[in-house]
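Build the full structure now, drawing on both the sequences and the hints.
There are 2 protein chains.
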Amino acid sequence: MGDVSSCPPLTRSSVQAAHAAIKQHIHRTPTITCDTISHLASTPQTSDSLQGTPFANRTPARPRINLFFKCENYQKIGAFKARGAFHALSRLSKEELSKGVVTHSSGNHAQALALAARTHGIPAHIVMPTISTPSKIAATKGYGANVIFSGSTSDEREAVVADVIKDTGAILVPPYDHPNIMLGQGTLALELEEQAKDLDERGLDAVVAPCGGGGMLSGVATALYGTGIRVFGSEPSFEGADDAKRGVESGTRIEKVKTLTIADGLRTPLGKIPWAIISDKEKVKGMYSVTEDQIKAAMRLLLERAKVFVEPSAAVPLAVVLYDENFRSMVEKEGGEQGWNIGIVLSGGNTTVEAIAKLFEPASEQQAGRQEAKLGMNGERVAENVAG
Amino acid sequence: MGDVSSCPPLTRSSVQAAHAAIKQHIHRTPTITCDTISHLASTPQTSDSLQGTPFANRTPARPRINLFFKCENYQKIGAFKARGAFHALSRLSKEELSKGVVTHSSGNHAQALALAARTHGIPAHIVMPTISTPSKIAATKGYGANVIFSGSTSDEREAVVADVIKDTGAILVPPYDHPNIMLGQGTLALELEEQAKDLDERGLDAVVAPCGGGGMLSGVATALYGTGIRVFGSEPSFEGADDAKRGVESGTRIEKVKTLTIADGLRTPLGKIPWAIISDKEKVKGMYSVTEDQIKAAMRLLLERAKVFVEPSAAVPLAVVLYDENFRSMVEKEGGEQGWNIGIVLSGGNTTVEAIAKLFEPASEQQAGRQEAKLGMNGERVAENVAG
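So the protein sequences, as listed, match chains H and A.
The working numbering numbers the first residue of the first sequence as 203 and each following residue consecutively.
The working numbering numbers the first residue of the second sequence as 203 and each following residue consecutively.
Treat the hints as calculated values from the structure; they're not laboratory data.
Please note that a few of the clues may not be correct.
Put simply, identical chains are the same to the list, so a pair is met inside one copy or across any two.
Using 30 Å as the maximum straight-line C-alpha spacing, the simulated BS3-like pairs for lysine-lysine come out as follows [to be verified]:
1. Lys225 with Lys399
2. Lys338 with Lys560
3. Lys343 with Lys487
4. Lys301 with Lys560
5. Lys225 with Lys301
6. Lys368 with Lys474
7. Lys368 with Lys560
No experiment lies behind these values; they were computed from the predicted model shown.
Next comes the structure, spelled out in C-alpha cells:
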C-alpha cells in the first residue's frame with residue numbers, strides 16, 4: 203500500500219486527520235452504558251453475582267468502575283475494520299485507486315475492504331482459503347468483491363496475492379500491519395473519548411481494547427497518547443494467544459501463534475508496526491489475558507444484560523475488567539475512592555446463532571443441569587451454565 | 203387496581219398524560235434502522251437473500267419498505283412492561299400505595315412491577331408458580347420483591363393472590379387487562395412516532411406490534427389513533443396462539459389458549475379491555491400471524507444483522523413484514539411507488555444464551571449440514587440453518 207515512509211506519523215493529530223477523511227463513510231457508533239454490568243464490575247465476582255442477582259449485594263464496593271461500551275458491532279460491516287479500510291483507500295492517489303486493491307483475509311477485513319472499494323467504485327480482489335465458511339464468502343461477494351480462492355497456509359495465500367498484483371497492478375491493503383490501517387482504527391477512540399464525556403463530564407480514566415494483530419489497539423493508543431487516558435490491551439490466554447503480552451514481558455515480539463481460541467478475531471500474532479507502539483509502556487500501560495471461560499462469561503453478560511450482539515473477541519476486554527485480579531487491584535489502587543471510568547471497545551458483532559449455540563449449548567439432560575467452570579476469581583468456582 | 207371506571211379514557215391524550223407521568227422513571231429507548239433488513243424487506247424473500255447475500259439483488263423492488271425498530275429490549279427490566287407498571291403505580295393514591303401491590307406473573311411483568319414498587323419504596327408481592335425458572339425468580343427477588351410460590355394453574359395462582367390481598371390489603375396490578383397498563387404501554391408509540399420523524403421527516407405510515415394479552419398493542423393503537431399511522435397486530439400461529447386474529451375474524455374474543463409457541467411472551471389470550479380496542483377496525487387495521495420458523499428466521503436477522511439481542515416474541519412483527527404475503531400485498535397496493543415507513547416494536551430482550559442455543563442448535567453432524575424449513579413465502583423452501 204504505497205510506501206510506508208510516505209504515511210502520516212503515528213500521532214494523535216494524524217488520527218484526527220484520518221477521522222476527518224473517513225467520517226462521511228463510517229458510522230459514528232454509539233457509546234452505551236449498562237448499570238447492571240458496571241455494578242457487577244464494582245462488586246467482587248461470585249456465582250450469585252454472575253447468575254442473575256447482581257443487586258443482592260448493593261453496598262458500594264471497591265473498585266468503583268463505570269463502563270462505557272463503544273459499540274463497533276454497529277459499525278458498517280459489523281466491526282471496526284471499516285475504519286482502517288476506508289482510511290487506507292483515502293490515502294491512495296487516483297492512479298493507485300484505479301488499479302484496484304487486494305488482500306488476503308477470511309474475516310472482517312475482507313468485508314471492510316470490499317465495502318470501501320465498492321464505495322470508491324474500484325475493484326477489490328480478496329484472496330480467501332477454499333475452506334472459508336460459505337457465509338463469509340457470500341458476504342464478501344455480496345459487497346461486490348472478486349473472491350479468489352487459495353490454499354490455507356500463508357505461503358499459499360501470499361502466492362495468490364502476488365499473482366493478483368502481477369496481473370492487475372492492484373495495491374495490497376494489509377489487515378493490520380500498516381500505519382494507515384492503525385490510524386484508521388484509532389479513530390474509534392476519538393469518538394469514544396467524546397461520547398464518554400457527554401455521558402459523564404469527568405470523562406474516561408482508561409480504555410481497554412482487544413489485541414489480535416494489534417492494528418486497532420496501537421491506533422487507540424496513538425489516538426489517546428497525551429490525553430491522560432490510560433490504554434490497556436487484552437488477549438485470550440488459550441494456546442498462547444496472549445502473544446502480545448508475552449512479547450511485551452520478554453521484550454521480543456512473538457512472530458508465530460497457533461491457537462483456536464473462541465475469540466477468533468484475536469488468533470493472529472502482533473504485527474511489526476503495531477508492536478512498536480504496544481511495547482512502548484508510555485503508550486500501552488499494560489497487557490492482560492483471560493481464559494476461554496472468562497470470555498464466555500463476559501460475552502453472556504453483554505448479550506443477556508446489555509442486550510448487544512457481539513462476537514467472542516469483543517468480550518475479551520470486559521472479561522479482563524471483571525475477572526483479572528491484577529487489573530482490578532490496579533484500578534483499586536490508582537482509582538481510589540472515586541474509581542475509574544473505563545471505555546471498553548466492543549470490536550465487532552459478526553457471529554451467528556449457530557456459533558452461539560455451539561458456545562453455550564445446554565448441558566445434556568443426563569447431567570445435573572448445572573455445569574461449573576473455574577473462572578479463576580478469588581479461587582471460587584463460578585456457575586457458568588444453568589440448564590433450563 | 204382501584205376502580206376501572208376511575209381510569210382515564212382510552213385516548214391519545216391519556217397516553218400523553220401517562221408519558222408525562224412516567225418519563226422520569228423509564229428509558230426513552232432508541233429507535234434504530236438497519237439498511238440490510240430494510241433492503242431484505244423490500245426484496246422478495248429467497249434462500250439467497252436470507253443467507254448472507256442481501257445485496258445480490260440490488261434493483262429496487264416492490265414493496266419499498268423502510269423499517270424503524272423501537273428497541274424496548276433496552277427498556278428498564280429489558281422489556282416494555284416497565285412502562286405499564288410505572289403508570290399503574292402513578293395512578294394510585296398515597297394511601298393505596300402504602301399497602302403495597304401484588305400480581306401473579308412469572309415473566310417480564312413481575313420484574314416490572316417489582317422495580318416500580320422499589321422505586322416508590324413500597325412492597326411488591328409477586329406470586330410465581332413453584333416451577334418458574336430459577337433465573338426469573340432470582341431476578342424478581344433481585345428487584346426486592348416478596349416472591350410467593352403457588353401451583354401453576356390459574357386457579358391456584360389466583361387463590362394465593364386473594365390470600366395476599368386479604369392479609370396485606372395490597373392492590374392488584376394485572377399484567378395487561380387494565381386501562382392504566384394499556385395507557386402506560388402505549389407511551390412507547392409516542393416516542394417511536396417522534397423518533398422516526400427525526401430519522402425521516404416523512405414519518406411513519408404504519409406500526410406493527412406483537413400481541414399476547416393485548417395490553418401493548420391496544421395501547422399503541424390508542425396512542426396513534428387519529429394520527430394517520432396505521433396499527434397492525436402480530437401473533438404466532440402455532441397451536442392457536444393467534445387467538446386475537448381468530449377472535450377478530452369471528453367477532454368473538456377467544457378466552458382460552460394453550461400453546462407452547464417459542465414466542466413465550468405471546469402465549470396468553472387477549473384480555474377483555476384490550477379486545478375492545480383491537481377488535482375495532484378503525485384502531486387496529488389488521489391482525490397477522492406467522493409460523494415458528496418464520497419467527498426464528500426474523501430473530502436470526504435481528505441478532506446477526508441488526509446486532510440487537512431480542513427475545514423470540516420481539517421478532518414476530520418483523521416476521522410478518524418479511525414473510526406474510528397478505529401483509530406484503532397490502533403494502534404494495536397502499537404504499538405505491540413511495541412504499542411505507544414501518545415502525546416495528548422490539549418488545550423485549552429477556553432471553554438467555556441457553557435458550558438461543560436450544561432454538562438454533564447446529565444440525566447434528568450426521569445430517570447434511572443444511573436444514574431446510576418451509577417459510578411459506580412464494581412457495582419456496584428457504585434454507586434456515588447452515589451448520590458450521
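The hints, checked one at a time:
1. Lys225 with Lys399: both (20 Å within a copy, 24 Å between copies)
2. Lys338 with Lys560: Both: 18 Å inside a copy, 24 Å across copies.
3. Lys343 with Lys487: Answer is neither; intra-copy 40 Å and inter-copy 41 Å both fail.
4. Lys301 with Lys560: neither (42 Å within a copy, 48 Å between copies)
5. Lys225 with Lys301: Answer is within: at 24 Å inside a copy they meet the 30 Å cutoff, but 56 Å across does not.
6. Lys368 with Lys474: within (25 Å within a copy, 74 Å between copies)
7. Lys368 with Lys560: Result: close neither inside a copy nor across copies, 42 Å intra and 49 Å inter.
Violated hints, listed in ascending order, are 3, 4, 7; each of the other numbered hints is respected by the structure.
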